[in-house]
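Colleague: Based on the provided sequences and hints, a complete structural model is requested.
In order, the protein sequence lines correspond to chains A and B.
Sequence positions in the first sequence follow this note's numbering and run 137 to 365.
Sequence positions in the second sequence follow this note's numbering and run 189 to 441.
You may find that some hints are simply not true.
Derived list of chain B stretches under chain A, where covered just means 3 residues or more per stretch with a C-beta under 8 Å from a C-beta of chain A [unchecked claim]:
(1) 255 to 264
(2) 282 to 289
(3) 341 to 347
(4) 354 to 361
Quick caveat, the hints were computed from the structure, so don't treat them as lab data.
Even for Gly, the Cβ is constructed at its ideal location relative to N, Cα and C.
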Amino acid sequence: MDFTWIPEYQNLLLHGVFLTFLLLAISVPLGFGLAIFLAIAQVGDNPIARWISKGYCTFFRGTPLLIQLWLIYYGLGSYLPYIPGLRASFLWPVLREGLFFATLALTLNFAAYQGEILRGAMLAVPKGELEAARAVGMSPGMILRRIWLPRAIRIGLPTFAGEVVLQLKATPIVFSVTVMDLYGAAYKIRQDTLLVYEPLLLVTVFYVTLTFVITQVFQKLENAVPVRR
Amino acid sequence: MMHLGKALVVAATMLATSAQAEIRFGVVNEAYAPYTTKDATGKAIGWEIDLMDAICKELKEQCTIVDVAWDGLIPALESKKIDVIWSSMSITDERRKRIDFTDKYYSALAGMIGAKDGVMGLTTEQLNGKMVGIAVSTTQSAYFKKHFADIATEKSYATVDESFQDLASGRVDYIFADTGPLKELLKTDLGKECCEYKGSVEADDAILGAGVGGGIRKGDNELRDKLNGAIKAVRANGIYAEFSKKYFDYDPY
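Modeller: Set out below in structure tokens:
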């Protein structure tokens, strides 16, 4: 075992950790926000919204994340430069980077899975509670905000923790679109130093640590919002 | 117990001799035209394969090709799955710590391609602030770090092919790689349309001078000497020049 390369690649590794964390920190909240709309559309009465939401979830859950990422980066992304003026605009430094497309793909994918889970959780909220809310005269919007969604989110919480961990483990594919995340850093170190196992071991330790932190945070969250059954 | 021991020794000797009977060439899986690539049936073809055939003919040895991913080449060599790395591997000091090399069999000329629109060359002013696509951990990457790191930005790709997509869509301004594969990319439909050769970089013998050689297990001097002799022989008898003409308009040595 040879770990003498760590000081030399310290900055690359730390930047990789930062990017991996950034991808997670952006895609999880944004994806969750989108998932709320997807879930409401699916349990709601509007057939068009239901159809769109179902189609979205089926597409993003039914195709590999890698292919989605490449469709967005190499497909959609390669047509962006043809939009007149875009290359000269202030948006171009962001739009030319793989990070933007990686975040987009991860967010859209996370939303699809989360939307389906949330839909199930919403259907699992006891009918009696919703009827009680109606009986005291709450409007449908208020029921959604005060009773239905909060209860559904609480029911789905243990599953969300698992989904965030899965999302973390999905991030290494962003290296395929030039984002030098933690795995990207390990890949470069492996190529430079010709050490196969050591860089991989180091990033493994990091991923396990982050997973541990995520599960702990959700455990705290679950304990903080007790539920009476 | 004695019998078993004897049988094992016999078996081991047989294995050893059968391994000697052929030379296993580790060839990279990923396409690296024109040096190594695969035809429609999956058969390895390219300049390096032609060179291998010429060398094996010269040595009158049986040669087999083993497909290995680029990352796995050195581990495969060390674990004796292959005997030679034959995949455009530049001779560098970092690699010399792990493996030995034959004499060089071609020189990696480093150059850049870029989009046709926009007058760009390779001067310091022209490269200033530009984004350059480079395959991870290549000699070009080392060259870039030494000469261009202060003026331009490096964007890392796993392979040259992937960076080419991004050059076509304008995400990088240049690709910096070996001239052979770059010229091959320019021959494609997309390459003809979008891009052109911008020039070769100035020589830096410390980084680019050692050229490309076959990777050999440390201490496998017998094989190294045999291959060195054969490389010299095919250079001398004109076979090298003959098959090189099919791929290049210059002498790659």
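Colleague: Next step is simple, just say for each hint if it's right about the structure.
Modeller: Now the hints, each set against the structure:
1. 255 to 264: Check passed, 3 qualifying residues.
2. 282 to 289: holds (count 4)
3. 341 to 347: This one holds; 4 residues, not fewer than the three required, reach chain A with a Cβ under 8 Å.
4. 354 to 361: Holds, because 5 residues of the stretch 354 to 361 of chain B bring their Cβ atoms closer than 8 Å to Cβ atoms of chain A.
In this structure, every one of the numbered hints holds.
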